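Chemist: Take these sequences, add in the hints, and give me the full structure.
As given, the protein sequences belong to chains X and L, one line each in that order. The first sequence runs 1 to 205 under this note's numbering. The second sequence runs 1001 to 1193 under this note's numbering.
Read the hints as simulated data drawn from the structure, not as lab findings. Be aware that a few hints might be false.
[As the list claims (entries may be wrong)] Have a look at the derived ranges for each label pair, beta carbon to beta carbon:
| no. | chain 1 | residue 1 | chain 2 | residue 2 | range |
| --- | --- | --- | --- | --- | --- |
| 1 | L | 1096 | X | 33 | 42 to 48 Å |
| 2 | X | 127 | L | 1106 | 35 to 41 Å |
| 3 | X | 106 | L | 1051 | 31 to 37 Å |
Model, not experiment: these values are computed from the prediction. For every residue, glycine included, the Cβ atom is placed at its ideal position computed from N, Cα and C.
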Amino acid sequence: MDIKDGRTVKGVNFVDLRDAGDPVELAEIYSREGADELVFLDISATEQKRKTLAELVYHVAEKVSIPFTVGGGISSVEDVDILLQNGADKVSINSSAVKNPQLINDLVAKFGSQCIVVAIDAKQIEGEWMVHLVGGKVPTERKLFEWAKEVEQRGAGEILFTSMNSRWYQGWFCKYRIGTIINRFEYTHHCLRRCRKHATFYRYL
Amino acid sequence: MKIVIINYGAGNIQSIKFAIKRLGYEAVLSNKADEIRKADKVIFPGVGEASSAIKKLRESGLDDLIPNLKQPVLGICLGMQLMCNRSEEGNTVGLGIFDVDVLRFSKSVKVPQIGWNQISDLKSDLFKGIQEESHIYLVHSFYAPLCSQTIAISNYGLKYSAGLKHDNFYGTQFHPEKSSDIGERILSNFLEL
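Modeler: Have a look at this one:
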């Protein structure tokens, strides 16, 4: 779920966002319907973001009985500490890891690899998968597979991969390919397996 | 009913508190011997590294208290592992409640195991109403091998103890508070023991 100012939003590649409801209510529904895990990515850019995200985590933890990951603008050990204390099972970092890869090692050393997820957004440009930031808007010099391997070596427990070329069919296809290339991608395998079993899961993405 | 979650500074205990609240009970977090001793049910959680967790227990004298409790006690994840004789993690001496040594998963499987797996060969009232092969959620790098106190088995490269029981002491390697309706039923079973 993409979150903006405390509400769930939907759009394609973070453009043309529209309101999709209260994240806590949706989380309860998804949990009840048999989802395995939930991921909340806060894409708002307000100064109160840290506080509202921590509050959201607290309320989600209160209501759902499945593991969930939270991400969006997390850039320090302190940020992660607050979110985990409020009840998140895992945190996801993206831009801050690209800018400062050592952050992955620091977080893993403090909290353990089991709760550190690195999100990677990538776009295929002239046949080469390149890492992008800010919802695919900002290209980087990093190649997807090299970055993924580095992320693993630095100790991240899971990778949350999004293909920015297409969030639907092609996205899933890419996840599968990457999953087969780098066998470490627990999350990728996990999602695919469950999606086959529970077709309804697709609808929620 | 008075439910105490032992709070010794190890791991995400908020989720356990919330899970108990969803079942209609209130739990208190405590590291005070008196309060723990008087509780009807005690939950002993834990996420993190074994040797530093046991050190925290020793500092607060809880290592002597826990093995002598008479009411039902449920150790979850690292909590369960600390109730065993020893752990390979940090070469830790445990509380010696469960007569088994905790080992590290071999390199042939991805470590840690993060995600959903199944439990089978279910014994004891802790699993009343739970079907064989039910899905539960786990996060761990170390495991307790099968032994005479095993009450649930899971398989990750090899069969290991997903649940242990000795007298009034119960342990689950998985997280009931994160295992959806199955986990809630198991927690509810524990609270109704």
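Chemist: Next step is simple, just say for each hint if it's right about the structure.
Modeler: Structure-based check of each hint:
{"no.": "1", "hint": "L:1096 / X:33: 42 to 48 Å", "in the structure": "holds, 43 Å"}
{"no.": "2", "hint": "X:127 / L:1106: 35 to 41 Å", "in the structure": "holds, 39 Å"}
{"no.": "3", "hint": "X:106 / L:1051: 31 to 37 Å", "in the structure": "violated, 21 Å"}
In this structure, the one hint that does not hold is number 3.
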